[in-house]
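Sequence order for the protein chains is A and B. Per the numbering used here: the first sequence ends with 491, consecutive numbering throughout. Per the numbering used here: the second sequence ends with 1383, consecutive numbering throughout.
No lab work stands behind these hints: they were computed from the structure. You can take every hint at face value.
Covered stretches of chain B (in silico footprint by chain A; criterion: 3 or more residues with CB under 8 Å from a CB of chain A, positions within the stretch not fixed):
hint, stretch
1, 1134-1146
2, 1163-1175
3, 1340-1347
4, 1374-1380
As the structure is a computational prediction, the values presented were derived from the model and not from experiment. From the three backbone atoms N, C-alpha and C, an ideal C-beta is built for every residue, glycine too.
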Amino acid sequence: MSRRARAEHPLTRQRVRAVAVVLAVTGIGGLAWTGGAQAAPGAGPASRSDFNNDKFDDLVVGVPDASSAAGQVSILPGSGSGPSNTGLKVITQSGSVPGSPETGDRFGADVAYGDVDGDGLTDLAVGSPGEADSVFKERGNVTVLTGSSQLTQGDYFTTADDDPRNPGKARLGTAVAMGDITGDGLDDVVGVGLGSAGSGGWLVWRDSATKKATTLRLTFEDLNHVDVAAGDFNGDGFDDVAVTTVDRYGQARAYEYPSAGRTGLTHAMAIQMGAGRSIAAGDINQDGRDDIVIGQPAPAETAPAYGGATGGQVTVKLGQDYGLYYRGHTTAISQATPNVPGEAVDGDAMGTSVDLRDLNGDNTLDIITGLPGKESTVNGVTSADAGSVLLLNLTTTPDGIALKNATGLSQGTGGIGGGGESGDQLGTAVTAGDFAGNGTTGLVLGAAGENNGDGTTVYRPATGAASFLGKGIAGPPTGSRLGSVLTS
Amino acid sequence: MVKAEAATQQYGTHPRQSLNITWNPSPAPRPVVILITGGYWYTHATWGTWEKQFADQGFQVFAMKYRLNFEAAWPAQRDDVASAVKWVRDNAERYDADPDNVLLLGSSAGGQMATDAATRGTNSLGLKGIVALSPVASPYRAWQDGNTSTNDKIRKLRDNSTLLARCYPDPADNSTANRDTGCWDTWRDMESKNAVTKGDAPMLMVHSDGDFVPPVHSTELEAAAKAAGVPASNVATRIVTGSTAHGGSLLGTPGMFDTVVSWLKARTS
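Pulled out of the complex, with its shape left as it was, chain A reads as follows (with noise of 0.2 Å):
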């Protein structure tokens, strides 16, 4: 939903560039970024989701409606064969993590990582978008777990209180992300909220290197969703910030909020472009500059100067000189492309979850994106809702990207196993890793509707069959709908 997926790639001429500006633009004379080698702003290396930092990546599995909603975060450590129950830890609002476990709170509605305090350790943020405190019952907060505590101890922050439109109806941190806004090499923390009773949507970003939490204004409407993903979308060495929205009319917006540098993030601009409920960010064709991918599942909710495909779809915008608001630049799928599997029938809802990754090691990003509505038909039986989950295999061209390939993927199909049945909701979220530490990228796909709402969570390996990680291995009790959100 909300990581970034930077590629690990080599410093490219695009990066040089950018940061030479960086320097001409602020006058500073030498390299004196702190942290470093690898701390000139944008250009280290992304965080891993690797919190027991043994080089494999570990699943992060956020579970909002367990426990009466009170919410937990599973992280399932990386193995030789995939995320694993041994050592698997399971977070709650108890004990030395902030806050307790309340109904309602949805601890886990969201997850990002990254380096908070640059001590090479993996941190953990974890929205609570239900939290109520003593004065506002919708408020929410964002927790930040650190790694040198084993994510066992951190803080939290939320809303300002001192604006009219009630900040304290946030819902803050229906969904996070990270990035290094302030190009100190310290990742910092965002968290967005779809606000209630006319408070509007709201962001809320952490300087990590001050702990001062800024309050804005997302939306004038309050919001039916949101997602918020980081990167860096002009190349200029910070990290901005790209926020999807869908209002309570249904009409879907997005804004670019660009980091004006050490002082952060400023004004929003909206993105002219067609959007919907989930985002993701990294830099698909490596030009040095982040790109976004955002997912449409449901064609009427797009600005109707874009309009929707008929099941959903996915549009890339590819960050420019001036980031990502200018209309252009963007690339839209849906199963009516050619060379995408299946056909496009409504609700889909192709676009629910969407992730970005180099799948087949062609130095571009592909789009994994998740298919919840769609049905199955296996041995003459049809199945609504059993989901799916599409592939899409990029390239880049010389005026922007195009798809290579793709596959489709459900229960019974590509190696996974079981049968789709109505419901099971294959592709409710999407993320992927190295969770075998041996350079492939393997998947973890959700369905959060298998066995009456019990959820489960499908990992497929680079190679070899697929496995299922339910609720027995990932930790959560029953009736929880694991497999809705989903990082690694």
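Since the structure of chain A is already known, use the hints to place chain B on it.
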């Protein structure tokens, strides 16, 4: 940080037909906000620091002046808005402005010109939206209020509405013997709610509850727009309680500038 470069340009031959431009150079065009100041149609109020503050929010800002009611009768002011919009579009490239993302923000008398632009025809100016701060959306209501009020501002507004129309509003007086448009039709034409159609530009209207241009100017217009089929997402009125703020000063009430900016941003696409 690049500082906004100010410039003043004429969009017409009359000395009042000017635009004060506050903009930031940008590698890609940015949305336009045209500010229409108030002042009872007989003077031009100043915007203080608001031009710069809107520019700091990423807009290219064009603050327009226009012919006053003692210089030209209605609909000269409407025509001036159209001319200013056209000039901004024609010259957008010089100011890194996006001709396809033009919004208006009017205050008081200028608010009436903004609601008029939104409702005239079917968004005939192709605006992405308008914000009206204390709009005198119904000059006839202002005239009636002035007849019974002892408040100087309300009486001043009545007299200046009359100056704008250049006649006394009498439903029986609609002769075109001595004027292009009959008197009563002129008053009807100044009334934004008489022109609402489903396809009008989106409108956000703001008053304080103690505003000398009372919120009913806007709530009546909002009701008429909704009755004409304008979707609820495209027309809204916000009322600041416990305040007598009017026009541009509404932007200084707690949270209102951010509210207006977030509404404007949502319209640019």
